[in-house]
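The listed protein sequences correspond, in order, to chains W, Y, G and X.
Just so it is clear: in the first sequence, position 129 is 129 by the UniProt record's numbering, and no numbers are missing.
Just so it is clear: in the second sequence, position 28 is 28 by the UniProt record's numbering, and no numbers are missing.
Just so it is clear: in the third sequence, position 305 is 305 by the UniProt record's numbering, and no numbers are missing.
Just so it is clear: in the fourth sequence, position 10 is 10 by the UniProt record's numbering, and no numbers are missing.
Be a bit skeptical, because a hint or two may be false.
Partial chain W-side listing against chain X, Cβ under 8 Å, derived [claimed, not checked]:
#, residue
1, A72
2, V78
3, L109
4, N110
5, P111
6, P138
7, V160
8, T161
If you are wondering where the hints come from, they were derived from the structure by calculation, not from laboratory data.
Source: prediction; values computed, not measured.
Beta carbons are placed, not taken as given, at the ideal position from N, Cα and C, and that holds for glycine.
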Amino acid sequence: MPTLSEFIRARSQALQTSERLPLLAMTHVIYGYPTVEASLAWMRRLLEQGIELLEVQFPFSDPVADGPTIVAACHRAVENQPQMQLCLQQLGQLQRDFPQSRILLMGYLNPFYRYGLTRLVQDAAAQGIAGLIIPDLPMERAGQFRRDCTDHGVEPIWLVTPATPAERLASIARQATGMLYCVSRSGVTGQKDGAQQALADYLSTIRQHTDAPLAVGFGIRRRVQVEALVGQADIAIVGSALLEAYNAGGQEAGLALLASLGII
Amino acid sequence: MPTLSEFIRARSQALQTSERLPLLAMTHVIYGYPTVEASLAWMRRLLEQGIELLEVQFPFSDPVADGPTIVAACHRAVENQPQMQLCLQQLGQLQRDFPQSRILLMGYLNPFYRYGLTRLVQDAAAQGIAGLIIPDLPMERAGQFRRDCTDHGVEPIWLVTPATPAERLASIARQATGMLYCVSRSGVTGQKDGAQQALADYLSTIRQHTDAPLAVGFGIRRRVQVEALVGQADIAIVGSALLEAYNAGGQEAGLALLASLGII
Amino acid sequence: MMSDNGYYGQYGGSYIPEILYTSQQQVQQAFDEARNDPAFIQALEQQWQQYSGRPTPLTFCANLTEHFGGAQIYLKREDLNHSGAHKMNNVIGQGLLVKRMGKKRVIAETGAGQHGIATALVAARLGLECTIYMGAKDVARQYPNVFWMRQLGATVIPVTTGSQTLRDALDEALRDWSGSYADSHYLIGTSCGCAPFPEMVSFFQSVIGREVRQQSQAQFGALPDRLYACVGGGSNACGLFLPFMDEAQVEKVGVEAGGKGMALGEHSIRLSHDLGQPGIAQGFASIFLQDNQGQLQETHSIAAGLDYVGVSPIIAHLAEQGQLRMTYASDQDVVDACTLLLRKEGIIPALESSHALAAAFREAGTLSPQQRIVINLSGRGDKDIFNVARAVQDAEFPQFLRSYLREYPDNLQLASDAGQGRAV
Amino acid sequence: MMSDNGYYGQYGGSYIPEILYTSQQQVQQAFDEARNDPAFIQALEQQWQQYSGRPTPLTFCANLTEHFGGAQIYLKREDLNHSGAHKMNNVIGQGLLVKRMGKKRVIAETGAGQHGIATALVAARLGLECTIYMGAKDVARQYPNVFWMRQLGATVIPVTTGSQTLRDALDEALRDWSGSYADSHYLIGTSCGCAPFPEMVSFFQSVIGREVRQQSQAQFGALPDRLYACVGGGSNACGLFLPFMDEAQVEKVGVEAGGKGMALGEHSIRLSHDLGQPGIAQGFASIFLQDNQGQLQETHSIAAGLDYVGVSPIIAHLAEQGQLRMTYASDQDVVDACTLLLRKEGIIPALESSHALAAAFREAGTLSPQQRIVINLSGRGDKDIFNVARAVQDAEFPQFLRSYLREYPDNLQLASDAGQGRAV
Ligand SMILES: Cc1ncc(COP(=O)(O)O)c(C=O)c1O
Ligand SMILES: Cc1ncc(COP(=O)(O)O)c(C=O)c1O
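Excised from the complex, chain W in its bound form (with noise of 0.2 Å):
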């Protein structure tokens, strides 16, 4: 099986000859909202759409890194007291179903913690999952995790901002191997020249530190801010803005808002 970098790679050129945006998606669904049931269906949906790239967090009571939307969505799917055993089986199934795409589990640490970051990696591995997302285990922290990952083929997945201090981004994207995820919380809305400057450079210097390929997140919810990844980046992140567009149409809201970003 190729390394989730390689997967990348390789869909990423496939793309440059596709109708779509030479950028692939990857989409956020959370475990558990709003019942275990819809959000299965919803990302087997989204699989089936052909998206490269689902991410799922498993819902966590106090996500501090998230905003209101999907705050409020993990909070409800809290109540539906989701098992990480079981979601990690049934992720594993979709993965198996949909060998075509890769399923990236995020959440935060406790969760984790409690059933045992080692425990994790290894049952992530079993099922096939490609790579780990915890927003809240720096990576001074993580010495035992990488190892376990590296010893299953579980790619961690760190994040970069456009905070983080220069020295400590070169350092963070020199260690990344599957993806590295690229947060920006300026936003791009496509219209300031000087906002689009400022991604460009915060990518282009990440990019000195990293062949991995770079996902980009800043609350995509238009066209234009995708095309402006182009060239800059190989993942455009689709979070609260899918969230919002299915909790206010379902499904069908959800799968206009990723044709009419052009990455699906």
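We have chain W already, so just place chains Y, G and X with the ligands on it with the hints.
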């Protein structure tokens, strides 16, 4: 005109041979309660009944030495905006109409003080008022007042209480002329021999220091209380009980009380 | 300031019913002895420190100073006393005197409830029985204080006579004392009443001014140029001013409650503008708000602790002598001053104390940056939330109260709706 | 207590979103420098003294001591701080740090509102913008505090996510900080959160224990035998205990909120009885109340300041090491202890602090009269009138509120009835 003590002694003498208990009646009325007119009518009625001593209280907003019934009546009377000058004139008229009785003006210091203490004594004298009772004017501060009283022939009437220290009691009693106002807080029920004895002791101590007539007030409301005073005091003061009777049933109830006490 | 046999010029004295003579003498004697007894003074200072947290600080207000661009502004922080006001200084002193006299019970009057709470606190601490008289209107308006007094074990008696406010409570307390003097002490809360109360209360409060002297020297190496204190009965003003009476160059400014206007009944201005007249009532000679017949009048202030009808004979005398300057602040000035202190310095002043602030704020800009003023922050303001919320017309406070009421245990709501009074 | 690079045994650390890394490092560095800068320490001590009134006294309680017939009982009077609680020690410290870092704005979370008020006070005094996050349920329950925060110029943001209480407010504050770190400081109110907050808050609170050491020596010539403190986040406990860590013979007792019962959701007992489990959330590793999936759980306490889901990593570590003993007190014990202190000593304790009282009262009688215990009275209780009145089922309080509401300006009543929020 006889002095106040001569008047009292003469009437006491006369009572020895009458049907009534051998004690002078001193009845208390609040000027301006419930209205100025009604209070004057009530005074007149009492004088018509032969009450020897009429104690008229000029109302004050803050009658600290009085109990709840009198306090409430004073507050009501104050609302009628009683005028000191008019009050003195009206009492003078009463005195002229009922030369067989004596009128004593009682009041707290402040209204008198605002009127002018010297002026008060002068005007009271001019109206034939026999004595002045000011419960919150200590004898120590009354030098000028006493000289004014002497000059104008008005009796300053001092109070003693069971709490007054022996030496002070002796001194006040010695200086008493028109009468001495003996407050007994302990009350006399007629049943309790101890209390009766205490009253007897109290009055006989006072008697050792003065020949002035003794007036006793302690919430008299039953005949047996008055009887207990016979031979020990000269005057029974009926204050709150009379006001309560008046409040309950007007002049008639007031007179009925006095009759039941054996002092009209 | 020592009285001349209970008198300050023509004011002061002891004009009380004869029945209280002995108790008054006893208090006088006990106080005369105690003030000269080092053991008493030591116990007093110990309780001040260990129970009430004295010394209270002198706080420099950089933002306010800059805001007005005039004198350097300091606050004497009596709000940090136990119970949240200067009242504690006095109740500790008299409480210890009660123990010394061997009495078992204290009586007090209270208007806003501050003195009532302070008395109830000290009574609990000293194991004394405690009865507090409070005008029925004040009970209704200031119920939170009543609640705490009762929780502290005090008996609170609502006084339903007269105007049902402080003045009537005072009368009623005097009446209680007349019947209970043998075992009870009347713990007066301000520098009013018959001798020796004005002198005694001022003596206990003078710790304020003594500390300000020391702290001024320590913090800026000089005495203040001006002192401000609000004047209700006058105790916090006496406490601040008296230790500075030998220093004529330290100007003393007393601030009365200007209320809503200058008509009788709308304010509590007794001294400034000669709105009050000399009188003798409630045990002492002073200046009172009264009509031409000598009847004491109703007063008003947004600060319940300032609407007293009389004033300390000490303050009346000093004002008459020109040894202090009297002024006043209106309800509106007071709310503004309160808000300004909140925003600029992060201190919540009592509305009483905000009168002193208002006057000082008016004048600070006219002084030079080399001058220093000390404002007595006699108490803290959290107790005033019911008044302040209403004054600033806060819309959520009533909403909060309503939802709180909805959750209150049901049976009690019914009982209290029917006006049946206390359940406990 | 110095951490090992932010860790206390297995607890502590910094588990925060990457975007906060720089700010966290900046705070760490600023704090490391400031704590070693005599000028900073001097400014800190000056504000503690001149603004908050430190030192707070150590009060001997003769009546309570006699009542239990055991150990001599002393109270450390943090209730006498400006704002009425120990929270002030920390906000002054962090406020000065904010000035030092040149930031212009502070963010804080608050549960009961005590830390929110303290932050708003200090922000006003230091001229900082201030935003307070508070669970919408807490806003509704603790509105008087919200009122004062707003009067002080702070923006109070009700948090409507999750359980709408402290935990959610904390999450929301972290989110704000993630977007505003450039000019804002997150002023955490207890010894929790990512490094260096637990250490920093404890550093600022340790003034409590240092004073107790000095005062014990001065007042009874020895160290106390036992110390009691309630444990919410753990800051007042750290403040009292840490300066005594070298003295194993001084027993330290931490008291958690036993609430209504032992079922999850009914209490806030994280350490005693092993009801909590290790976890990593809200920026740090510690013991949290959580389910088997690692979801944090709801908690309960009669004292709004004690119902936190986690606990200071310092306390968690010391408890694990047996260097302090953890226990708890139920809501009912707490009301009883509060009442007893009121009646016996004339001090109104916060319900939070009454937990420490309750545990100490349980044990005092078993100690000898030669032993001395110090209970940290972390705050005063007048703020708790709404809770206490309900707990003792006072019948007149709702009556008072109703008549107050009847007199409230009419238009505002309508506006608020319609739930239209603030008018100002
Ligand atoms: C905080 C505060 N300041 C001032 C006063 C006024 O009293 P005095 O003039 O005796 O200081 C009161 C009275 O209750 C008060 O509570
Ligand atoms: C008075 C008081 N005590 C204690 C606490 C608990 O906090 P900590 O455990 O951090 O001292 C609070 C929190 O609001 C409080 O207000």
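How the hints compare with the structure:
no. : hint : in the structure
1   : A72  : 6 Å, holds
2   : V78  : 5 Å, holds
3   : L109 : 5 Å, holds
4   : N110 : 4 Å, holds
5   : P111 : 4 Å, holds
6   : P138 : 7 Å, holds
7   : V160 : 7 Å, holds
8   : T161 : 4 Å, holds
Violated hints: none; the structure is consistent with every hint.
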